[in-house]
Each structure stands twice: as structure tokens, then as C-alpha cells.
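Trainee: Spelled out from the first residue to the last, the chains are:
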Amino acid sequence: MTSLSELRAPKEARGVGALSSGNAYAVFNRNLVGARGTNLWVMVSGFFEPVFYLLSLGAGLGGLIGAVELPDGRAVSYAAFIAPGLLAAAAMTGAIADAAWNVFFKMRFMRVYDAMLATSLGPLDVALGEMAWALFRGGLYGTAFLVVMQLAGLNLSWTAILAIPAALVVAFGFASVAMGITSYLRSFQQMDWIAFVMLPMYMLSGTFFPISQYPDWVQWIVMAFPLWHGTELIRGLTTGALDWSMLIHVGYFAVMIALGIVFATRRLRALFLS
Amino acid sequence: MPNGVAPVIRAAGLRKVYGSTVAVDDVSFEVAPGEAFGLLGPNGAGKSTTMRMLGAVSARSGGSLEILGRDPDRQGPEIRAQLGVVPQLDNLDTELSARENLIVYGRYFGLPHAVVAARADELLGFAQLEDKAKAAIDDLSGGMKRRLTIARALINEPRILLLDEPTTGLDPQARHILWDRLFRLKEQGTTLVLTTHYMDEAEQLCDRLIVVDHGRIMAEGTPAGLIREHSTREVLEVRFGSERNAEAAVALADLGERVEPLPDRVLVYAENGEHVLAEVLRRGWDPVTSLVRRSSLEDVFLRLTGRSLIE
Ligand SMILES: Nc1ncnc2c1ncn2[C@@H]1O[C@H](COP(=O)(O)OP(=O)(O)OP(=O)(O)O)[C@@H](O)[C@H]1O
Ligand SMILES: [Mg+2]
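If you read the protein sequences in the order shown, they are chains L and D.
This note's numbering numbers the first residue of the first sequence as 1 and each following residue consecutively.
This note's numbering numbers the first residue of the second sequence as 1 and each following residue consecutively.
Since the hints were made in silico from the structure, they are not lab data.
Glycine included, C-beta positions come from ideal geometry on N, C-alpha and C.
Each hint should be verified, as a subset may be incorrect.
Label-pair distances were calculated between CB atoms; the ranges are [to be verified]:
# : chain 1 : residue 1 : chain 2 : residue 2 : range
1 : L       : Phe105    : D       : Gly19     : 24 to 32 Å
2 : L       : Gly60     : D       : Gly19     : 36 to 44 Å
3 : D       : Gln88     : L       : Thr38     : 54 to 62 Å
4 : L       : Phe105    : D       : Lys134    : 22 to 30 Å
5 : D       : Gln88     : L       : Ser45     : 48 to 56 Å
6 : L       : Leu40     : D       : Gly19     : 33 to 41 Å
7 : L       : Leu40     : D       : Asp139    : 15 to 23 Å
Rough simulated footprint, nothing fancy, chain D against chain L, three-plus residues with beta-carbon under 8 Å [as the list claims (entries may be wrong)]:
# : stretch
8 : 109 to 122
9 : 246 to 254
For reference, chain L alone in the conformation it holds in the complex (with noise of 0.2 Å):
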């Protein structure tokens, strides 16, 4: 990640805008404690939204519907078919959750970044602590619905467990680019921009049905949502249909990553380090 390392040596990387004291974790510790005083309900509907789905699409719809045919052959149920592509999705909307809608509150209302920037932290400090954040939750409620999933009988293969790691690749993806993006937004009204371009994404990216039933040119575009590329690789992992163009959905991620990384820290620092 040519990024990545860019980010360590620019000369304007030194002072006032120095970009890291290595010290990400006291951000992440931040949320930690914060968190301790929210309501545990908050906390715990991010694991129950998948469940409802699962239970409502797979058991209810999936009665009716049968069996899905995975690329390599394979018919599954549609249960164990969804299953992945919820766990996609609930990584995506956690992700956003923290790195868009809490972030722009701290930014915007808050002035957590403010003090935060006033200390030894740097930008870099902020924004991948920000992120852990986003994906601690993430792999916390990935966890949970995997567990659902094994003992519902959705995992159909050992490389099931995979789809944890892979879950925190997808959420590290949707939070940096969340963040990256949020950085530049001032009014609740593009926050709803948001919201906007998120949910054609999650109904199009093959959650409830397997794309080949589009037209081709639809294909294309869906092919180019990132939450397809997160959908394809857990949902290979948990049913075993495993291929090499899994590296391509983990690369479509490793670039998300280091570009939501690389803006959400510039733009701090330009904030709040000018």
C-alpha cells in the first residue's frame, strides 16, 4: 500500500501538523469508556436488526422459495444463501454508523476533535482510532450472527470462520471511506446523502437474490458497489464455494481502506491542525 507509506514521510507530515503520536488506542479507549455510559439497548439492537432479517427472509421467504444455486453449482437454501449477505450488510451499516454518524456528531457538535488534537495525538491517531472503533463494534456483532449461524445450520464449510476477519476487512473498508467522506460534509442534509446512496447498495448487491438475475449492464454497475464485493467473499467463505477472485473482493477492500485512511487524515488535519 504505496498510501500508506506516502503517509509517514511528507514534509508537511511534521509540526503543527504532525500526523501520529502512535497512540490510536487512547481514541479507541475514548469510545470504550463512552460507551460503558450508553444505553446497552443501543448497543445491542446493531445485533438483533440481521437476526430479525434472517429469521423473517430465511424461514418465511425462503419456505416459499427453495433452493439457491451458487455459481459453482451448488444448491443451498436461501437461508443459508442470505445469511452471508446479511452479515455483509451489518458490517457495512455498522461500520457507517460509527465512522459517519458518530464521527460527524464529534466533529461538528461535540468538538471531541478539537480537544483531542489539542494534546500529543495527531490526525492519524484520530482517524484510526475512530476506525478500530467502528470495527471492534462490527466484529463484535459479525461474531454474534456468526454464532447465530452455525447453530441455525447456515455455515456450510470450516472456512466459515473466516468470514470473521473478512467481516473486519469489509467494515474497515466502509468505515474509512464513511469517515473519509463524512470529513467533508457540514449539514445533516448531505449526512442523508448517506443514507441515500447506501440503501440501492444494500438492496441491489446480491443480499436476497443472486445477481445473474439482472441484465448484464446491471450486473456491471452492482459489480462496482463495494457491499457486492464484501457480499461475494463471506458468502463464499461460509458456504465453502471458495475462488480465486475472492483476492480481487480483499483488494477492492485494501484500496477503500487506504483511501478512506489516507483523506479522513488530511482532512483533520486541515480542520483542526491549520
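Fit chain D with the ligands to the known structure of chain L by using the hints.
Mentor: Below, chain D with the ligands without anything else, positioned relative to chain L:
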């Protein structure tokens, strides 16, 4: 400044430009260790902008600046590690309790939890907030928030404490409690740099100060020295009603070293205010009210800029 002691802050020709606005223009001063140094000036004078440069969160547009022997353009984090910052607007973390605010903030400096936890309890005592340790920030009064912000700024045992308008918006009692805490810090040898637009605050707290207006230094000295240099010992304030003030100012112009007609009163600057008042009455000018007082920094500011500090 005491001779022979290396200053902890050295600013020379300091400038900050935002687009076409020159917020700070050619500001030079030095602060000695242990000194309480003030920036006194009206709204928009460039006080906060200067403080942000001192705090190594804003890059200067020109001039030279050295904080604790370091250049903020090259060693920002090292400098920030040794500063305590009380910003003009409170930015306490509203998702954390009072005590958590201290601990979490201490961790931003990379200090271990055990160290900051012990200091947090000590500082809650210092800020007289022991019984508010678990309180939510939104439940604290303005004065309590300010004290907590000062306590937070002390968590890393800073060598310099930067306070941007520490008591603006507080009632007189809350201000006195805060001044008392700042005196204590001064006694312990902490270097204080503070901005204010209250002359009484500057007189109470500052060993030395600069008067700034439109980003420039108008005068520099000790509070008493500035008053001696730029004003008379006493001031007679007389009110004749808004129609007659201007006319009276002309008629009484020879009575003091200087006569200042304000819309609501006339100020006569003289060594002995009572003598002047007697003469005013002898000349048949009968004021609605009269008051003889000592000169203050407000008078210095009026003299230097032709305006009042608080508009
Ligand atoms: N980020 C900024 N961008 C553009 N202009 C700015 C910025 N910060 C300050 N200024 C301008 O610089 C000038 C000085 O502002 P500053 O906040 O330093 O004044 P101040 O002395 O602290 O005033 P106050 O007593 O109101 O706090 C003002 O004209 C202000 O509009
Ligand atoms: Mg200010």
C-alpha cells in the same frame, strides 16, 4: 522580564493571515518561566488566533515562534505534550462523566491509566468538584465546567497553561473562585498565558500584559506601569445628561491632563479627582452624578484606541 532567565515563549513578528483577513499582525513578546502573561483586547483583536499558534495547533503565516525552546512548525506534538490548553469555548466530552473526562484526556498524552487516575482525583479536589466526579457534563454549571476544563488542562502536568478567556460568561462569584484557583497555580510556579477582555481580570492575574487591537500590540508592560504611563492617577467621571456631555467636555477641557467625552459621561483625567470636582462645581457645572476613582486598564485602552474594551 527578569534578566538572564531563558523565556519559555518567544514570539517575534508573529503573523497569521486568513485569506484577506490579517488576524495577527507583527506581534512580538516573550514570557518568562513562572510568569502570568496576559493578552488584553476587544472582540476580534486576534487573541484566540495568537493562542492557537502558541498552542501549536495553528501554523503561523510569518515571523518566528519558539515554545519551550522548540519551533511549533517542526515539533508540534512535543510542544503540545507540555502545554495545558483551556480553549475559549468549552469542549469537554459530553459522553463522559467529569472524572472520565480527566482520565480519558490524560490518556491522549500517552500517560498510563494508573497515573492519570491518581491525578484525576487530585485535580477534582483542586477544582472543588470531588462531589461531581460522576456527574454528566451537561449537569454542571458554567463555572464548574470551566474549572473542570482547567483541571483537564493540568492532567499532563504542563509547563505552560494557556487560558483563552477563562471567565467570560461567568457570574462574579464563579469568577472569583476561578481566579483563586489560578492564583494557586501561579504560586506553584506554573507559567500562565491568558487572554481576557476584562481589565479587572488582567489587573488581578497578570504580572505583565500586552494590549492588542486589530492584531497589533498597542502597549506592553505591567498593569500598574501601563496605567502610570498612559493614564493619570485618578479619573473624575461626571454625567450631565446625554445632551450636555459634549458641551461640558469643551468647557472643562482645561481641568485635567485629558478630557474624554463619552456618550453617557465625561471623563476628566487628573492627579487629584476631588480637586477637579471642586473646580467643576465652582464653575457652575452641576453634574447629575459624579465619581472619583483610580485609573484602570480600561482607561489605558480608551487612551490607546479611542474605544472601550467591551462594546
Ligand atoms: N479560522 C478563521 N478563518 C477566517 N478568519 C478567522 C479565523 N479565525 C479567526 N479569524 C478572524 O481573525 C480575527 C481575529 O479573531 P480572533 O478569534 O483571534 O479574535 P479574538 O481576539 O479572540 O476575539 P474574541 O474576543 O471575540 O474571542 C477576526 O477578524 C476573525 O474573524
Ligand atoms: Mg477569542
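Trainee: Hint by hint, say whether it matches the structure.
Mentor: Hint check:
In this structure the supplied range 24 to 32 Å holds for L/Phe105 paired with D/Gly19, their Cβ-Cβ distance being about 28 Å. Distance hint check for L/Gly60 and D/Gly19: the Cβ-Cβ separation is about 60 Å, which falls outside the suggested range of 36 to 44 Å. Separated by about 29 Å at the C-beta atoms, D/Gln88 and L/Thr38 break the suggested range of 54 to 62 Å. The beta-carbon spacing between L/Phe105 and D/Lys134, approximately 23 Å, falls within the hinted interval of 22 to 30 Å.
Between D/Gln88 and L/Ser45 the C-beta distance comes to about 38 Å, which lies outside the given range of 48 to 56 Å. Range check, L/Leu40 to D/Gly19: Cβ separation about 48 Å, and the 33 to 41 Å hint is violated. Checked against the hint of 15 to 23 Å, the pair L/Leu40 and D/Asp139 passes, with Cβ atoms roughly 21 Å apart. With 12 residues having a Cβ less than 8 Å from any Cβ of chain D, the stretch 109 to 122 of chain L passes the three-residue criterion, so the hint holds.
Interface restraint, the stretch 246 to 254 of chain L with chain D: violated (0 residues with C-beta to C-beta distance below 8 Å; minimum three).
Checked against the numbered hints listed earlier, the structure breaks hints 2, 3, 5, 6, 9; every other hint is satisfied.
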